Structures are given as C-alpha cells and as structure tokens.
Amino acid sequence: MNGSTDTPTPYMKWVKSQADVLVPLLRHLRAELGVERANELVYPVLREYMKEWIVEFASKESDNPIVNFYKTSDRLEATFEGDVEYSVLKHDDEKFDLNVTSCKYAEFFRQLDEPELGAILVCEADNHIADLSAPNVEFSRTDTIMKGGACCPFRYRFYHQEKVINGPEGLLTSRSAEHP
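When we follow numbering that gives the first Met the number 0, the leftmost residue of the sequence shown carries the number 0, and every step to the right adds one.
Misleading hints may appear alongside valid ones.
Said to hold, decoys possible - Distance condition first, Cα-Cα at most 20 Å in a straight line; then the derived EDC-like pairs of lysine to aspartate or glutamate:
#, residue 1, residue 2
1, Lys50, Glu106
2, Lys70, Asp130
3, Lys12, Glu137
4, Lys59, Asp130
5, Lys12, Glu80
6, Lys15, Glu123
7, Lys50, Asp112
8, Lys70, Glu39
9, Lys70, Glu137
10, Lys94, Glu39
11, Lys146, Asp92
12, Lys103, Asp130
13, Lys103, Glu60
14, Lys103, Asp91
15, Lys70, Asp92
16, Lys59, Glu84
17, Lys146, Glu115
18, Lys12, Glu60
19, Lys12, Asp130
20, Lys89, Glu106
21, Lys70, Glu80
22, Lys94, Glu106
23, Lys103, Glu137
24, Lys94, Glu137
25, Lys94, Asp130
26, Lys12, Asp92
Treat the hints as calculated values from the structure; they're not laboratory data.
Here the structure is a predicted model, which means the values were calculated and not measured.
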C-alpha cells in the first residue's frame, strides 16, 4: 500500500458516497437532538453495519484463524491500495508491527470535520478483522491519523495454539490463557 494515485479507489468512492448522505443527516440530527444524542443514535448502527461488512469481507478459507487473518489483510490492502502509505517495522511469526504514515481517508474526514465518522467507516475495520481472528490475533493501535496522531501504529501479536477449549469464560486456549 505504499504509493499514491490521483484516481479514487472504489473504496474511497464508496466512503465519499456514504459521507455525502451521512454528514448532512448527522448535522441535521445534531441540530435537532443535540450532538451527543444524535451520535448515540447513529454511531452504533454504523458500527454494526461495518462489523457485518467485515464478516462478509473476511476470508473463511481456512480453519486456521491466522491464515484467514492474512488473507483478509491482503484483501483489505488491495482495497485501500494507494489511499494509505505505511512502513513495516517488524514482521515475523509472532508479531507484525507497522506504522501508517499517510491516509487519504483521514485527510478527507478531517476536512469534513467528521473524524469520528471516518474512524467508524475506515479505522475500526482493523479492530473487527482482529476480533474475527481472536484469540490467535491480538491487535492494538494507540493512535490514528484520523484522530490527529502523527501515524497509526498497528501492532499485531500472533498466538499459534494447537488446542482450543471451551471454558467458563468462552473459548480459551492454553496459550491465550497465558497471554491475555
């Protein structure tokens, strides 16, 4: 995803078309109901929609969650091609660390003064992908360009379990129990 193009990607076109509808709707609702109440009504619906989109988008080709994580990440990378720039800091069997250093989505939503809407439609997809791969993939990101950060520090940890058991707290693995 290193590289930039002036032609909008299909996903950027989709995001802009969503913003064309959602931004005026949100602004109207905020004027009528107040910012907090309008956001409380709209944001959960958008979050659920994006979670469902990721479930449909995500790879289900393998029984191995880490394999599916990588296949889904590859598909997402192709979707965002040219819209973000990043540098890989470390990539091995146990971790994948990268910093997104430029993001056209953040630029777009910050110009609209709607970074939280941008985070829901773009940034939170990363959390949903990792959630689908849990407990084998752990994801953290302490900041985003969308929210004003200098970069988006993506940190993935991979846990290669052999045995998954169903315990009182849900699905557990011997390794995930050791590494919460």
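Discussion item. Run through the hints listed earlier and report the numbers of any the structure violates, in increasing order.
Written reply: Failing hints, ascending: 1, 3, 7, 8, 10, 11, 12, 13, 14, 16, 18, 19, 20, 22, 23, 26.
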